[in-house]
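Protein chains in written order, with our numbering: chain A, 4 to 447; chain B, 4 to 447.
Because the hints were derived from the structure by calculation, they are not lab data. Where hints are given, some of them may not hold.
Straight-line distance between alpha carbons at most 25 Å, and here's what the computed SDA-like set of lysine to any residue pairs gives [as the list claims (entries may be wrong)]:
no., chain 1, residue 1, chain 2, residue 2
1, B, K283, A, T286
2, A, K29, B, Q159
3, B, K283, A, N307
4, B, K283, A, E290
5, B, K14, A, Q341
6, A, K80, A, C152
7, B, K29, A, G252
8, A, K283, B, T286
9, B, K29, A, S264
10, B, K283, A, G285
11, A, K283, B, K249
12, A, K29, B, E290
13, B, K249, A, S264
14, A, K249, B, K283
15, A, K283, B, K29
16, A, K283, B, K283
17, A, K283, B, G285
18, B, K249, A, L288
19, A, K283, B, E290
20, B, K249, A, E290
21, B, K249, A, L251
22, B, K283, A, D434
23, A, K283, B, G293
24, A, K249, B, R40
25, A, K14, B, Q159
26, A, K283, B, R292
27, A, K249, B, P287
28, B, K249, B, G182
29, B, K249, A, P287
30, A, K249, B, G285
Here are some of the chain B residues that sit facing chain A, going by a computed Cβ distance under 8 Å [unchecked claim]:
no., residue
31, G43
32, A45
33, T149
34, Q153
35, L155
36, S156
37, V301
38, V305
39, M318
40, A321
Each residue gets a CB set at the ideal place from its N, CA and C atoms; glycine is no exception.
2 protein chains.
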Amino acid sequence: MTLQGNDSPVKIGIVGLGTVGSGVAKLLVQEAERVQRHAGRALSLTRVIVRDLKKPRDCELPKGVISDDVSTLVGDKEVRLVAQLMGGTDAARAVMIDLLKSGKDVVTANKALLAEHGAELFDLARELGRCIAFEASVAGGIPIITNICQCLSANQITSIRGILNGTSNFIVSQMEECGADYSGAVKEAQLLGFAEADPAMDVDGTDAAQKLAILAHLAFGAHVHWAEIPRCGIDTLETIDLHFAKELGYRIKLLAVAQLSDSDQRTGGLDLHVSPTFVKIGTPLAEVRGANNAVSVVGDAVGNVFYQGLGAGQMPTASAVVADLIDTAVGRAQRTFQTIQPWSRREALFQSRSPELAPGRYYLRLTVDDHPGVLAEVTGILGRNEISIASLIQHEPRSEDGPQTVPLVIMTHLSTEGDVAQAVAEMDQLDSVMQGTVKMRVLD
Amino acid sequence: MTLQGNDSPVKIGIVGLGTVGSGVAKLLVQEAERVQRHAGRALSLTRVIVRDLKKPRDCELPKGVISDDVSTLVGDKEVRLVAQLMGGTDAARAVMIDLLKSGKDVVTANKALLAEHGAELFDLARELGRCIAFEASVAGGIPIITNICQCLSANQITSIRGILNGTSNFIVSQMEECGADYSGAVKEAQLLGFAEADPAMDVDGTDAAQKLAILAHLAFGAHVHWAEIPRCGIDTLETIDLHFAKELGYRIKLLAVAQLSDSDQRTGGLDLHVSPTFVKIGTPLAEVRGANNAVSVVGDAVGNVFYQGLGAGQMPTASAVVADLIDTAVGRAQRTFQTIQPWSRREALFQSRSPELAPGRYYLRLTVDDHPGVLAEVTGILGRNEISIASLIQHEPRSEDGPQTVPLVIMTHLSTEGDVAQAVAEMDQLDSVMQGTVKMRVLD
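For reference, chain A alone in the conformation it holds in the complex:
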């Protein structure tokens, strides 16, 4: 789409009129004047493709635009810009390919599609001289993709730490603030619409890992598939660890982290993971509550920039999709797409390194038999694995822990994931250590 010097309306298609699609239609129809002012020309909603024509919709549409036949959109040469808002990956991939091949630029919010088939789709778009914009695929209303690809372009980004899954953050906030246990907090989240009936992909870290893979591509030119990212969700989180976190001055957050250990070293320096993490109370990430998302970015020139906003929901996500439609209508999105070449096959700038080498501090909670000599055994294992102890808590036994079992909490100094994992494996072999030891990262 070449738009310069042309102020005729841009004909827009939407595929999928679910929650986000309806929000996009609302903005295009009800706020047409505003959109025109910000795009420099009208964006005219011309075709809307749905699966079921009979389903009631909560948005007004211009007459005659709706159809259940995607080929009418694909075949319409006048529509050259489409918001592709289908969920899932296989059918969505096929439609994306058809749209690109028929000469259309595409905006999508489908992070799973990009995480799974991004390389293929971006290559195809480049080959065809088309553009894919995808601001809504990560962190909903926070425009983190444009900020990384454009606003912070003077920087080498050295660190991204994100709360990228609002469902998980809501659940953990509920556990922390209301004392709910995990399953109670999930039910509350479902009641309030912050969790799906089956929230597995949200709470097990998959969703956050898919988003992190997209950000790692953009900020570090890393070629990484989301499934390669070590991840742990919040679905095994216990309230006792939230209590210990608070006692130690931390909150637990499900963080998605991409961290360059040494920006001078062009290989082997990128640590990626998704895991529940101790974050110091009073720092911006620790204070992100409820269904909010947040991203803390460090650039070597700009320093730390922190973003917070709604990570999901109809209108925040629609805001990002419509911003992409406007960017494409104005002609900015194409230039960014041509320039930064996302997911290109050029040599990776940074490669993710073996997770065992990632440096970090850790919280360990052991459930130990309250007998003499236990502490010596545990600290002996830590010592042999070169892990030094920053602090240690052992309270008087509580009646509900059973007669002879107590939690032993250890905060380590800087160590590596591999050493800590090895030490935990050894500790869990001890006769005096009951249950599996709980291990969480600590953010400095």
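Given the coordinates of chain A, work out where chain B should sit on it, guided by the hints.
Chain B only, in chain A's frame:
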């Protein structure tokens, strides 16, 4: 500058090699490869204009680029993109005009220049088909201008609340955290390089008002000159008010606020002001410490998006300038400039309304004679001005307040600036009220 399909180097000029100029030169020279990758072509530093050739510089420059004669840059037809980083307004304005007239696109960080001469310069650039980019003029490393003009383009922004002056925020943080009084905190800020030798423009609210005027132009299409914005700085802040704030669960922040009271009403609905404000502890704005800046933006689709970062300093500001240079080299900045027409003469979308009508809650601290009947007089005045009291604090007299004088603190419910000002004027006439009553806004 038309760049499409052209990957020859872009020749860049810099005017002014002070702190920010040196930072920009560092990024262009030392990080040339990165800049080229993000711009899709090389940015080649070709001319640097300084006032004093003999002054030592802390950045390496390519050979032969430095000169003290700006006409060599203005006359160089090959340099079509210039970072104009002179301070002040009159000479800077003249150079800007020469650069634009000689066919160059210009990037500037000079907020005072834009606040004073923006209308003229933007009109001239439009007339000449040139582009001015100015991300660095507000909030340093926070890319708030691109976020408002581009990333949030699907929204009508309804509220901007910013901590836009890092010097003031540093001073207030020092007073709060270390118990320093105002003049002690200023000295500390000067020692650490967070305040100028003469910090008047920072601490009296001028700097924040100039930045707010720029944001109000962009977010609300308001035609407003910074000097019209009601402003109060932190230069009269007393530690006693910080103590009362804390007791009431607030911190005091110098906020720059642009707030649309009713987005359906196209006239008379924009409230603008800069003033020390009570902000609830635990909310993101309240937790912004030291020399940081922050901006909380509400859009009608996206909801609240919060940004925090370094508001000044060599490299954060250079990060914003170089991002603008890259945006212009890529061709995005021109499209944004053409599309949104900043400072244009088209009809104002929203007009700032009379400050007296602005709704708000207030903190009032009276110094009263501790005699019977005082509270009746004070509350009588509030009642007659239709101001209702949300809470009231009167502690036992302290010896240092003198034998008969006590502070009386009142938090009001929602009222208007005009009613509260009237009530304060009446209260200050009472014989039992000593000194002037202190009045501050409260953010809900």
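Hint-by-hint comparison with the structure:
Distance hint between K283 (chain B) and T286 (chain A) is fulfilled; the C-alpha atoms sit about 16 Å from each other, no more than 25 Å. For the suggested pair K29 (chain A) and Q159 (chain B), the alpha carbons sit about 14 Å apart, so the restraint of at most 25 Å is met. Restraint check: the Cα-Cα separation between K283 (chain B) and N307 (chain A) comes to about 24 Å, which is no more than 25 Å; the hinted pair holds. With a C-alpha separation of about 13 Å, the suggested pairing of K283 (chain B) with E290 (chain A) holds against the 25 Å cut-off.
Distance hint between K14 (chain B) and Q341 (chain A) is fulfilled; the C-alpha atoms sit about 21 Å from each other, no more than 25 Å. A hinted pair counts as satisfied when its Cα atoms are at most 25 Å apart, and K80 (chain A) with C152 (chain A) does not qualify at roughly 30 Å. At roughly 40 Å between alpha-carbon atoms, K29 (chain B) and G252 (chain A) are farther apart than 25 Å, so this suggested pair is violated. About 16 Å separates the Cα atoms of K283 (chain A) and T286 (chain B), which keeps this hinted pair within 25 Å; it holds.
A hinted pair counts as satisfied when its Cα atoms are at most 25 Å apart, and K29 (chain B) with S264 (chain A) qualifies at roughly 23 Å. Annotation: proposed proximity of K283 (chain B) to G285 (chain A) holds, straight-line Cα distance about 14 Å (limit 25 Å). Distance restraint check for K283 (chain A) and K249 (chain B): the Cα-Cα separation of roughly 21 Å lies within the 25 Å cut-off, and the hinted pair is therefore satisfied. A hinted pair counts as satisfied when its Cα atoms are at most 25 Å apart, and K29 (chain A) with E290 (chain B) does not qualify at roughly 36 Å.
Only pairs whose Cα atoms come within 25 Å are accepted, and K249 (chain B) paired with S264 (chain A) is rejected, the gap being roughly 40 Å. For the given pair, K249 (chain A) sits about 21 Å from K283 (chain B) by alpha-carbon distance, which is consistent with the 25 Å threshold. Using a Cα cut-off of 25 Å, the hinted pair K283 (chain A) and K29 (chain B) is violated, with the two alpha carbons roughly 34 Å apart. At roughly 20 Å between alpha-carbon atoms, K283 (chain A) and K283 (chain B) fall within 25 Å of each other, so this suggested pair holds.
With a C-alpha separation of about 14 Å, the suggested pair K283 (chain A) and G285 (chain B) falls inside the 25 Å cut-off, and the hint holds. For the hint pairing K249 (chain B) with L288 (chain A), the CA-to-CA distance comes to about 23 Å; that is within 25 Å, so the pair holds. About 13 Å separates the Cα atoms of K283 (chain A) and E290 (chain B), which keeps this hinted pair within 25 Å; it holds. Note on K249 (chain B) and E290 (chain A): the hinted pairing holds, with a Cα-Cα distance of about 19 Å set against a maximum of 25 Å.
Of the pairs offered as hints, the one joining K249 (chain B) and L251 (chain A) holds, with about 24 Å between alpha carbons and a cut-off of 25 Å not exceeded. At most 25 Å may separate the alpha-carbon atoms for a hinted pair to count; K283 (chain B) and D434 (chain A) exceed this at roughly 51 Å. Of the pairs offered as hints, the one joining K283 (chain A) and G293 (chain B) holds, with about 18 Å between alpha carbons and a cut-off of 25 Å not exceeded. Note on K249 (chain A) and R40 (chain B): the hinted pairing is violated, with a Cα-Cα distance of about 44 Å set against a maximum of 25 Å.
For the hint linking K14 (chain A) to Q159 (chain B), the alpha-carbon distance of about 22 Å falls within 25 Å, and the restraint holds. Between the alpha carbons of K283 (chain A) and R292 (chain B) the distance comes to roughly 15 Å, so the proposed pair stays at or under 25 Å and holds. Taking the CA atoms of K249 (chain A) and P287 (chain B), the gap is about 20 Å. The hint holds against a cut of 25 Å. For the suggested pair K249 (chain B) and G182 (chain B), the alpha carbons sit about 12 Å apart, so the restraint of at most 25 Å is met.
At most 25 Å may separate the alpha-carbon atoms for a hinted pair to count; K249 (chain B) and P287 (chain A) meet this at roughly 20 Å. Of the pairs offered as hints, the one joining K249 (chain A) and G285 (chain B) holds, with about 16 Å between alpha carbons and a cut-off of 25 Å not exceeded. Here the hint on G43 (chain B) is kept, as its CB sits about 4 Å from the closest CB of chain A, short of 8 Å. For A45 (chain B), the interface hint is violated, the least distance from its beta-carbon to any beta-carbon of chain A being 13 Å, above 8 Å.
The beta carbon of T149 (chain B) comes within 5 Å of a beta carbon in chain A, closer than 8 Å, and the hint placing it at the interface holds. For Q153 (chain B), the shortest C-beta to C-beta distance to chain A is roughly 7 Å, which falls under 8 Å, so the interface hint holds. The restraint placing L155 (chain B) at the interface with chain A holds, with a minimum CB-CB distance near 7 Å, inside the 8 Å limit. A least Cβ separation of about 4 Å between S156 (chain B) and chain A falls short of the 8 Å threshold, and the interface hint therefore holds.
Taken as an interface hint, V301 (chain B) does not check out: its beta carbon lies about 10 Å from the nearest beta carbon of chain A, beyond 8 Å. For V305 (chain B), the interface hint holds, since its Cβ comes within 8 Å of a Cβ in chain A; the closest pair sits about 4 Å apart. Interface hint at M318 (chain B): satisfied, since its Cβ lies 4 Å from the closest Cβ of chain A, which is below the 8 Å cut-off. The restraint placing A321 (chain B) at the interface with chain A holds, with a minimum CB-CB distance near 6 Å, inside the 8 Å limit.
Against the hints set out earlier in the document, violations occur for numbers 6, 7, 12, 13, 15, 22, 24, 32 and 37.
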